[in-house]
Amino acid sequence: MGVTVLQQFHVPENKTGTYVIELLTKRILALGATQQGQFLVDCESYLSHPQMGTTKTVHILHNSEQPASVFSILESGTKNIHVIADGLFDLLMMKLSQHYTSKKQTKIESKGPRFELGDFCVKLGSVTMNQNFKGVLIEVEYRPCVMANAVWGLLREFLQGLLGPSVPVQPPQHLLSRMNEIYTPIDTIYQYLEHFSAYRKGLRSA
Amino acid sequence: MSAVNAAPITATDSLSQALKANIIPNQEYLLQGSVLDSAVEVLLHRLRGLCDNVDAGPETFDDQEVCFSLRDPNQQAAPLMLRVRKALDARDMPYQLRYIGQPDLGDKNRPTVVRSSLDIACSGMLIEFLNELGCRIEFEYSVKGYMFRKGRMKITVAKVFKIPQSSMPPEPISQSYLVELSVLAPQGQDAIGEDMRAFADQLRPLVQLDKIDYKRLGHMAVT
Amino acid sequence: MANSVNISIEAPIENQIQEITYDGQEIYQAPLSMSENLARLAQKIDFSKTDDEFCNIKKEGESSSESKSEDDKDPGYQSSLWPWDSVRNKLRNALTEVCVLADVLNIAKEKRYMVLDPVQPEPVESRQMVQVYGRKKALAAAAAVLLAGVERLRASETMRMTRNMPDFHIDLLRLRQNWRLKKVSNTIIGDLSYRTAGSKFNQTGVFEVTKAPEEQIAQAMSLNTSGPAPSALRVTVPPELQGVAFISVLCQKEQEDVVTATLSSSAINCPGTLPGDGAELHWQQKLEAAQNVLFCKELFARLAAEAVQLDASIPHMVVGNQIMATVLPGIQLLIGLCHNNGQNNSNTNVDGVKPEGTAGKSDHDHVLEHSLHQLLRAVHHSNTHHPFPHPATGPLGPSKRRCLAGPMAADRYELLDMSKEQSLLEQIIQQAQHFFMRRRSEYVLDTIAKEVKDPLIVSHWNALNSPTQSCVKINIMAHGYDAVCRTSLVVHVGEKTLKCICRDGKVRHLSYELQELRDLIYCQIYQHQMTAVQAVGRCMGWQLLASSSHLGSGPVEPLGNASSCLLASPNGDRMIAIRCEPSVGIQVFIAQSPRKDFFSSELVQDKKWENLGGAFKEIKLDKMEGKNFLNKMELLMACLSSPS
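Protein chains in written order, with the working numbering: chain A, 1 to 206; chain B, 1001 to 1223; chain C, 2001 to 2644.
These aren't lab readings, by the way, just hints derived from the structure by calculation. Misleading hints may appear alongside valid ones.
What the hints assert, rightly or not - Here are the computed lysine to any residue pairs in the SDA-like style, where the Cα-Cα straight-line distance is at most 20 Å:
(1) A:K103 to B:T1010
(2) C:K2200 to B:S1016
(3) A:K103 to B:S1016
(4) A:K95 to B:D1104
(5) A:K95 to B:R1152
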C-alpha cells in the first residue's frame, strides 16, 4: 500500500466519458503500462430517521482493491468517524434499516481499467450515479512510499505527464492534513468520498 | 487474461449471492448453563477429556464487552442491541461488533436456542462511531475463562466480572461460572442442534446445559 | 469433520441366540419361515388366560378364526402341522367351555333350578416347607452353575500357570492403552488409522484382535526361552497393510533415456520383512509397522495426486509406484513407495539384488524422506488445530491473518496469498532444490579454496538453517595480513537462486548456474588483492596516486574488468604500478626517478627531464621472495623505500 492521489479529469465539451477513458488508456499504454484487471469503488449513503434528532449520514464504501473490507464513514456535523470492518457489515446495515435508510438514487460508483507501470498503479474510473455518467476520476498510486509528503511532488509530475498541466499544485484536501502521516487505505476512501459528494451536490457536471 | 480483466462484481452483489447460497453463518445455536466455582475444576477436567486438542491445555480468554442499544425511531419495536467486544489478552485482534437477534426457543423438540447473529470484525473508532450513530451504552462487563472446541462446537467456561471503577481488582458478579455451548452455522442446519444436545448430555450432571429463556427469567425476578 | 467421533451402526444379529456356551460361543437358531412364524405367534396365544376386556377376547376370537380358516384351507397337512393341531385343540376346548358356561349361565338366570350364593374364599394353604425346599433347590442349581464356571476358569488359569502361558486379558489391557479398540458382537476390532490425528485419507486401518492358539504360543515359547514371553494376543491386519513400507526419495542426474531411468529406479531396494517371522512378531511392532504402511500410502497418494494436479513447466510424471519431478535442469527427484507385504518374497529378493549395480550411484535420501514425513504430519496437525477466536464470541475457523484482513483492509494480493497453500510436492521439490544449491555452492567454494592459495578463502556455513534457506559467510584474506585487509561477503542460498551481499553493500542475485558464483568469487578475490595492496602501501607510508577498478585499457576481459593502482614511495622517487586482470593475474611494474637511462636527445635536451620518471618495468613476481602476494609487495616496497 503506497500513497494514492485521486484526481478529477475534466471531460471536454461534446466528448463522452468513454472517449476520455480511451484517450487516457492510449496514453498510459504508450508509457509502457500493462493492464491488470478492472477496479471498482462504490458508495452508498444512509440517512438517519428524522425522529432521531440531527441528521447523520453513514457512507458505506467498497474498494475492489481491498475486497474483504467494508469502509463506513459516519458524517455528523463537522466530524467524520470511520470504521473498517469485514464484509458482514453490509448485513448489519440491513438490520439498521429502521434507523438508517438508504438513498438509493445517490448510489455512486467509479469503475474502469487498472494499469500497472513500474511502481505506479493507475486507475481510470468513470463515475456513474444511478447509471448516469458524471465524470472521470484518475487514481494514481505510488507503491513504494507511505508518506504523502515525500511523494506528492513525484505524483504531481506523473499526473501532469499523463493529464496535462491542469493538475493543481496543492495536494487533495484530505491529504493536506495528513501529509506527514503514514498513508492507509482509508485515506483513499476519504478522497473518493470527497469527490463523490461533490458529484452528488451537482457541483460538477459531466 | 480475460478472467483477470473481467469487471469486478460489486460488494452488494457478491453479498446477495452469498446470502442466496446460504453460506453466511448467521445463526447461532446456543445452550447455556452455570457451574459453581467449587465445581468448575471438575468440569474443566471433563471438558479436557471430551474436547479436541487439549494436549496443550485449554485456551484462555479475557474479553471486555460493552452493550449498546439503539432505540427504534417509531417506538414500536424493541431496541436493537449491539455488542462490542475487545480481547484484553490479544490486543492486536480487532474489535468484534456483534448483533444478536431475538432468541427463538421453539418447542420442546428443538434441542437448542437459535438466534440470528452477526459477527463483524472492526477496526477504527468503533465506540465513538456507535455513539454518534445514536447508540447508548446499556452496560459493560468483562468475562474471563476458558475455551474448548469439539468439531464445530465451541464451549466457553467463563466468569463474568463487573468493570472496576478505579484500579481495584475486578469484582465477580456471582459465585459461579457461565458455561456456553454454541455453534455458528448458516440457516437451516438444525442437525447440529442434536449434536449439541448429545454433547451437553455428556456433561451431565456436572453442568446442566439448557435453553435459557431470558424473558421468563426477567419475569421471575419481578414477581 | 475431522474431529467427529466415528459411530458404527450395525444391524442386529438376525438370528436369535439359542444358547451361549461357557466359552462365549453363540449358537444361533435358524430363521423362521413366514408360516412357521405365524404358527409360532399363534402358539403364543394363551387361551387359558382369563381377561375381562372385551377387546382382548375379540382379538383372540379374530386370531382363532384366522387360524381356523387356515386350517380349513389345507386340512391335508394337519397331521404334519403339529402346532396348528394344538391350537385347534385349545380352541375346541375353549368352545366346549364357553358352551358349558352359557348353559350354566342360562340355568342360573332362570333361578328355577339353581341359585348362586356368594361363598367365602378359602384361605390359601401356605405350605412353607415346600417353598423353602423349592427355593433351596433353585439356589443350589444356580450355585452349581457358578461353581462349575469358577472351576472351569480356575482350571484354565492353573493350566496357564503350569504351562507358563501369557494372560490374554492383561495383554488386551496393554493393547487398549495404546490403540483404539471396540467390541463388535463377539470380535474385538481396532483402528490404527491416523483419522483421529487429523488424517483425511480414506483407506481404513481396521485390525482384528484374537486369542492366539495355545499350540502356537507353546511352540514360540519352546523356540526362544531367553527372549520376552510371547503374547497371548494375535492381531490380524488387512493384507494391504501387512509388511513394511517406506517412501524412497532419490535424487539423480537425468539420464538420456527416460525409460531406462524408470526401469532401473523402479527396482528400489525394498527391505525384507521385519526381523523375525510375521507370526511371532509382537503385536505392538506389527501394529506400528501396519500404521507406518498406512502412513506411507497416504503420503504417496497425496503426492501422486498433487503431481498430477500441479502444472509445472516440465510436467511431473507418475508411473506406478513412482513420482518423477524435475528439480533443477538435469536433476530429477524420484519419490517411490516401497511396500513389501511379505507375500511375494522371492520376487522382491530378485528385485533387491538388481539395483545394487545399476542404481548404486543414486542413494536414498534420508533427510528428504524425513522431511516428507514431517510435512504430512504438519498437515495432519493443522487439520485438527484451528486457532481459537479472540474475542471469544468470534467464529471458529478462520486464521488470525484472515480475521485481521477485513478490518485491517488487506489488499487483494495479501488475500490471494492467504488462500494459497503450498502442496507437499512443491515443498519437497523446493527442499530438494535447496539441497542441491547448497551442495553445489559448497563444492564451488571448496574448489576455489583449493585452487586459490593466495589469498585464503574461508567460508563459514551457518549451523542453523531452514530446509529451504541457508547462509554462508566468505572471508577473503591473506595469511599474515588479515588485520590489514579482509574482504567478506555473505551468500544466501535459496531454492533456485543465490543472493550475494558484497562488502560494498551491493546485492547480486545469481541463478542456479554456479559458474556465476565462481566468477563472482574470482572477481572478489582480485578486488581484494587490489584493496589489500593499497592498504599495505598505506601502512608502509606509500602514497596512492591513482586507482581504478574498471580500467578501460587492455584486452577485453571475459569476466569483470581489469583494475589497477599506482603507488609512490614516501620520498616520491619510486613508483609501483599494479595491474590486475582476472584472466591473466597480477602484474607489478616499477619505475624510478630520476630515471637511470636518461640520455639527452635532440628533442629533450635538458637534464631536468630525467626527474620525470622512466618507463615501467615489470617485476617477475614468481621469482620474488615472500609467502604471498602481499608479503612480496611489502618486501618490494620496503626495498624501494630504502635510500640506495
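Structure-based check of all given hints:
Distance check on the hinted pair: K103 of chain A and T1010 of chain B sit about 17 Å apart at the alpha-carbon level, within 20 Å; holds. Between K2200 of chain C and S1016 of chain B the alpha-carbon distance is near 33 Å, which puts this suggested pair outside the 20 Å criterion. A threshold of 20 Å between alpha carbons decides the hint, and for K103 of chain A with S1016 of chain B the separation of about 19 Å falls inside it, so the pair holds. For the suggested pair K95 of chain A and D1104 of chain B, the alpha carbons sit about 17 Å apart, so the restraint of at most 20 Å is met.
For the hint linking K95 of chain A to R1152 of chain B, the alpha-carbon distance of about 26 Å lies beyond 20 Å, and the restraint is violated.
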